[in-house]
Amino acid sequence: MTNWIERTMAESEGNGPSYARVREVFLAVEDLSGPDLHREVGRLCGSDDRLRTKVLRMLDGAARASTFLLEPATLDGVPMLADPLPPPETIGAYRINELLGEGGFGSVYRARQEVPIRRDVAIKIIKPGMDTRSVIARFEAERQTLALLHHPNIAQVFEAGATPEGRPYFVMELIPGEPITRYCDHRRLTIEERLVIFCEVCRAIEHAHQKGVIHRDLKPSNILVQDESGHPVVKVIDFGIAKAIEPFAADATRLTVNAQIVGTPDYMSPEQLDGGGADTRVDIYALGVLLFELLTSFTPLGLASRERSSLSLLMRAIREEIPKRPSARLGQLEQSAAEIARLRSTEPRRLRARIEGDLDWIVLKAIEKERERRYDSVGALASDILHHLAQEPVSAARPGAWYTAGKFVRRHRLAVAAVSAVVAALAIGLTLTAAALTRAMRAESELRLAHDQAVAVNDFLVDDLLGAANTSRAGHTVTVVEAMKGGLPHVDQRFAAKPAVGARVKYAIGSVFRDIGLLEESVPPLKASVEALERELGPSHANTIDAKIALGDALRELGRDEEAEAMLRPAVAVMELTSGPDDPRTLRIKGSLGEVLQKRGRHDEADALLRETIERMVRVLEPSEESLLAARMSLVASLGAQARDSEALPYSQAVLDQAKASFSPTHPAVLAAMNNHAAMLSNLKRYADAEPIYRDLLSAVEGSLPAGHWQIAVTRFSLGHAIGEAGRAGDAIPLIERAIVEATAALGPEHDLVKRMTAERDGYRHRLEGATP
Amino acid sequence: METPKPDETFDQGRFASEELLPLVYEELRRLASRRLEREVPGLTIQATALVHEAYMRLLGDGTPTWENKGHFFGAAAIAMRRILVERARRAQSGKHGGGRERVPLTEIDVAAVDDRLDFLALDAALRRMEREDERGARIVMLRFFAGLSVEETAEALGLSASTVKREWSCARAWLYDELDRTDHG
Numbered sequence: 001m002t003n004w005i006e007r008t009m010a011e012s013e014g015n016g017p018s019y020a021r022v023r024e025v026f027l028a029v030e031d032l033s034g035p036d037l038h039r040e041v042g043r044l045c046g047s048d049d050r051l052r053t054k055v056l057r058m059l060d061g062a063a064r065a066s067t068f069l070l071e072p073a074t075l076d077g078v079p080m081l082a083d084p085l086p087p088p089e090t091i092g093a094y095r096i097n098e099l100l101g102e103g104g105f106g107s108v109y110r111a112r113q114e115v116p117i118r119r120d121v122a123i124k125i126i127k128p129g130m131d132t133r134s135v136i137a138r139f140e141a142e143r144q145t146l147a148l149l150h151h152p153n154i155a156q157v158f159e160a161g162a163t164p165e166g167r168p169y170f171v172m173e174l175i176p177g178e179p180i181t182r183y184c185d186h187r188r189l190t191i192e193e194r195l196v197i198f199c200e201v202c203r204a205i206e207h208a209h210q211k212g213v214i215h216r217d218l219k220p221s222n223i224l225v226q227d228e229s230g231h232p233v234v235k236v237i238d239f240g241i242a243k244a245i246e247p248f249a250a251d252a253t254r255l256t257v258n259a260q261i262v263g264t265p266d267y268m269s270p271e272q273l274d275g276g277g278a279d280t281r282v283d284i285y286a287l288g289v290l291l292f293e294l295l296t297s298f299t300p301l302g303l304a305s306r307e308r309s310s311l312s313l314l315m316r317a318i319r320e321e322i323p324k325r326p327s328a329r330l331g332q333l334e335q336s337a338a339e340i341a342r343l344r345s346t347e348p349r350r351l352r353a354r355i356e357g358d359l360d361w362i363v364l365k366a367i368e369k370e371r372e373r374r375y376d377s378v379g380a381l382a383s384d385i386l387h388h389l390a391q392e393p394v395s396a397a398r399p400g401a402w403y404t405a406g407k408f409v410r411r412h413r414l415a416v417a418a419v420s421a422v423v424a425a426l427a428i429g430l431t432l433t434a435a436a437l438t439r440a441m442r443a444e445s446e447l448r449l450a451h452d453q454a455v456a457v458n459d460f461l462v463d464d465l466l467g468a469a470n471t472s473r474a475g476h477t478v479t480v481v482e483a484m485k486g487g488l489p490h491v492d493q494r495f496a497a498k499p500a501v502g503a504r505v506k507y508a509i510g511s512v513f514r515d516i517g518l519l520e521e522s523v524p525p526l527k528a529s530v531e532a533l534e535r536e537l538g539p540s541h542a543n544t545i546d547a548k549i550a551l552g553d554a555l556r557e558l559g560r561d562e563e564a565e566a567m568l569r570p571a572v573a574v575m576e577l578t579s580g581p582d583d584p585r586t587l588r589i590k591g592s593l594g595e596v597l598q599k600r601g602r603h604d605e606a607d608a609l610l611r612e613t614i615e616r617m618v619r620v621l622e623p624s625e626e627s628l629l630a631a632r633m634s635l636v637a638s639l640g641a642q643a644r645d646s647e648a649l650p651y652s653q654a655v656l657d658q659a660k661a662s663f664s665p666t667h668p669a670v671l672a673a674m675n676n677h678a679a680m681l682s683n684l685k686r687y688a689d690a691e692p693i694y695r696d697l698l699s700a701v702e703g704s705l706p707a708g709h710w711q712i713a714v715t716r717f718s719l720g721h722a723i724g725e726a727g728r729a730g731d732a733i734p735l736i737e738r739a740i741v742e743a744t745a746a747l748g749p750e751h752d753l754v755k756r757m758t759a760e761r762d763g764y765r766h767r768l769e770g771a772t773p
Numbered sequence: 001m002e003t004p005k006p007d008e009t010f011d012q013g014r015f016a017s018e019e020l021l022p023l024v025y026e027e028l029r030r031l032a033s034r035r036l037e038r039e040v041p042g043l044t045i046q047a048t049a050l051v052h053e054a055y056m057r058l059l060g061d062g063t064p065t066w067e068n069k070g071h072f073f074g075a076a077a078i079a080m081r082r083i084l085v086e087r088a089r090r091a092q093s094g095k096h097g098g099g100r101e102r103v104p105l106t107e108i109d110v111a112a113v114d115d116r117l118d119f120l121a122l123d124a125a126l127r128r129m130e131r132e133d134e135r136g137a138r139i140v141m142l143r144f145f146a147g148l149s150v151e152e153t154a155e156a157l158g159l160s161a162s163t164v165k166r167e168w169s170c171a172r173a174w175l176y177d178e179l180d181r182t183d184h185g
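Keeping their order, the protein sequence lines are chains U and P. Under my numbering, the first residue of the first sequence carries the number 1, and numbering increases by one thereafter. Under my numbering, the first residue of the second sequence carries the number 1, and numbering increases by one thereafter.
The hints are simulated quantities; they were obtained by calculation from the structure and are not laboratory data. Backbone N, C-alpha and C define an ideal beta-carbon position, used for all residues, glycine too. Among the hints, erroneous ones may be present.
[As the list claims (entries may be wrong)] Short derived list, chain P residues pointing at chain U, Cβ under 7 angstroms:
1) 55
2) 134
3) 144
4) 155
5) 158
6) 160
7) 162
8) 174
9) 176
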C-alpha cells in the first residue's frame, strides 16, 4: 500500500518509475545477458511492469550505442548569450519596457505602473545565484529604516519582490539622469562646479547616515545627475539594495565580478573586503574615490583597467597600495592630459595647480586605508570642501614624511596597538591550545622529519647547512636547530630556480622553530614562505594555507594578534571562495581566526565564527581532529572571558570529557583541555578545584615538552596564581619566581607575560609583608 | 506541469560554494559571448574549453589541488546548465510557446545530437534525478556540463573511477530513455 502511494507520487512528477528504484535494478543486472538477465529483472521488479519495461529499455542498447551526452555540452553560434534572459512582460502591477542598463548584480528596466498610481518606475532584476527569499527578507528588514529617508537627492525604493523565475527584483523611482562623472564631462564642468555638485552628494549621504542607513555601494553609476530647469540635481539610487544582497555576494566575489565583468572594484574600501562591520566610513571612502575621479578622470588605484589581475592581487592593492596624490597622478600623463583638462574647461598645467595642495589632501584623507584616519563624518568631508571653496584652511593637511613612509609607519603603529590587546588577553586568563601543545610535544620527531624531508628534497641541509655549521663551530655538537639557523640565509640562493620548494623549506624551518618554542625566530621564515607560496602557488593552495595557519599561530602566541588577524581574515575569505566553506583547510584556518578574535576580546564575532566553524567541523572532520577541539576550546575561553559562566563551565567540562574520551590520558589535547578547564575554574575563583588540575598538568607538561619551553613557565605560573589567590601567598611566590626565570629565558625580559608574572609576585610579597608586620 | 524554478535544486547542498556561482556564471557567459562575437557564425564552443578558460582566468594563478578544483567545476557545471536552460527557454518562448518542434533522438544524425538536445527536458529529468540520487546527478553535471573526464569527475567527487563509470552509464541510459520517451509523447 505504502509502496503504491510512494510510487504513484514519484511517478506523477516524472511519468515513470523513480530513478532510485530503476538504478537499483539496473546496476544489479547490467552485466547479465540472455535468460539470466530476464529472470533477474523479473525477480527484482516483481509485479511492477513499468519498472521492468523501463530497465529493459535502458538495457536494450539504444542508449548505450548512442553518443547521447558523451560529448560535453556545447554552446553554438546563436548570439543569444550576450544578453540575459528577457524579463517577463509584466511583474506584479508593472509592465516592463526597455532595458536601461546593466550592472554587477542585475539589469535595470523602465517599467510602467498603472495602479494605484500611474507612473514610470525603474525595476532592477537581480541576476541568478542568490537566494531570493533571503534577499527579500533582508530588504524588508531594512524597509523601516529606508522609509525614514526623505531627501530630494535620494531616490526612493518602493518595493521588493520575486519574478516568476524566482529572481529578486527592486522597484525604484525612475531617474532620468546620467552618472555624475559623465554628466560633468559632457558639460565640461570646471573644478568649482564639480565640487559644488559633489557637496550635494555629500549632503544626501549625510542625511542617510543620520538616519542610520549606509549605502555600501556608492559609485558613479549609483549617483545620477539630471537637469532641472538648467540646474544639476543629484539623485543617489540603490539605497538599501547593497545590504539586501550582501551576504549572497561575498565582497570578494563582488570584487572579481566587478573587476572582470562590469566595471570597477575601485570604490570598495579595504574593510569591505573583510565582510565585517561596515560603517559610514565605507561611504566616506567611496566618496573620496569619487572626488578623485571627478578631479582627474582616474580612480586612485586604477583597478578596473588591470584586466589580468587575479583576485589576490586586487585585494592586496586595495589593502596596501598607497595611491598617488590626484595632482601627481595628472603629472604622470602624456597624451591624455590635454583631453582631461579640456573636459574641465582648462589646460593641463592649470588643472594640476588647481588640485595640488588642499584638494590632494582632502581626497587622501577620505581614502585612507585605515578608517580611523579618514574623516569621521561625511559632513566633515563636505565642510572641508566648502572651506576650500571659500579659501579657508582645511582640516586635512599634508602628512609629510608620514605619508611617504606610508604603510611601514602604520604597521609599526599597529604593532604598538597590539601590545595593549595582549595585556587585555592576559588579564582574562591564559589559554593553551591543543594544537600548540601537540606541536610542541612532537617537536623532537618533527625535527627529524623536517630534516629528512629537506634532505630528500634537495640535499640542502646536508651540504649547505650541516657542512657550514660544522666548520664554523668546530668542536661543538651541532644541533639541527643551529644548522637551520645557519642555513636559513642560504635558502633563497640555493632554491632561486625553484622558489616554491625554497618556500616549503622555509616553512619547515619556521615550523620547527615555533614548535620548539623559538617564536621570534619562527616568524621571518614563516612570513617569507607565506609570501613566496602565495606568489608561486596562489592564495588558496594547500601549502599556502598551511603556512598561513602556522604563521598565524606563531603571531598569536607572540601576542601579535592584530597582525595575525590581518593575515588570516583575507585568507579565510579566499578559501571560502575558492574551496568552499566546508573544506577542511577552510575550517582550520577559520578556527585559527576564531582563536585570534577570541584572544583580542572580540567576543561576539569570535563566538559567532567559532560556533559556525565548529558546526561545520562536526559534519566534515573526524571528532578527534585537533582543530575541532582547538575551536571548541577557544569558544570555551570566549564564553569564560565574557563571564558567561553558566554556559562556559559545563561546556568546558564537556570539552574536557570529550578529549578524554577521544585520546589517551596524557594526550596533548587532553592536557590542553585540562589547562583551559582549570583556567576557567581559576577565573571563577574556585581555586581549590583548579589547583589539583594544574598540578597534574604541570608534571605532564614537564615530562613531555622540551626543557625551557615557554608553556612550562606558563603552566607553573598558573599553578602559582591559583595557590596565591587561594590565600597561600607564601607557597605561590617560589613557584612564580621559578616561572619568571623560565619565561625570561624563553621569551625575553620584555615580554608581557614576564611583566605580568613579576607584578604578581610583587603583589604577593606585598601581601605577605602586610600580613606579618 | 509545475513551473520550473531554476534555483530550487541547482544550488543546494555542498555541490558548489554559493559564492562562487554568480562569479563563474558571469565569467562563462562573458567568455562565451566574447568568443561568439569574434568567431565565425555556426561555431560551437565546447563546455570543456570554455570552463577551463574560465578556470584559468579566475583561479589559474598557481596549481590548486583537486579539492579546490572540484568546487570550481561544480559551480561551472551549474552555470553552464543554467546558461543552456535559459537559452533554451528563450528559444522556446521565441516560438510563441506553442508546439515544440522536436525530433526524436533516435531519428537524427548522431553528430547533431547536441544541437537538437532538448535542454528543458534534460533539465527537468535531471531535476527528478537530483531528488533521488544527488551523487548520480552530480556525475552527470560534471561529465556533461563541465566536460570533465571520468577520472577528473572521480577526483572531484572523491569517488573511484569505476564507481563513476557505473553510475554514469546508468544515469545516461535513464536520461536517454526519459528524453526519448518524452519526445515520442
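Against the structure, the hints:
no.: 1; hint: 55; verdict: 11 angstroms, violated
no.: 2; hint: 134; verdict: 11 angstroms, violated
no.: 3; hint: 144; verdict: 5 angstroms, holds
no.: 4; hint: 155; verdict: 15 angstroms, violated
no.: 5; hint: 158; verdict: 12 angstroms, violated
no.: 6; hint: 160; verdict: 14 angstroms, violated
no.: 7; hint: 162; verdict: 12 angstroms, violated
no.: 8; hint: 174; verdict: 6 angstroms, holds
no.: 9; hint: 176; verdict: 4 angstroms, holds
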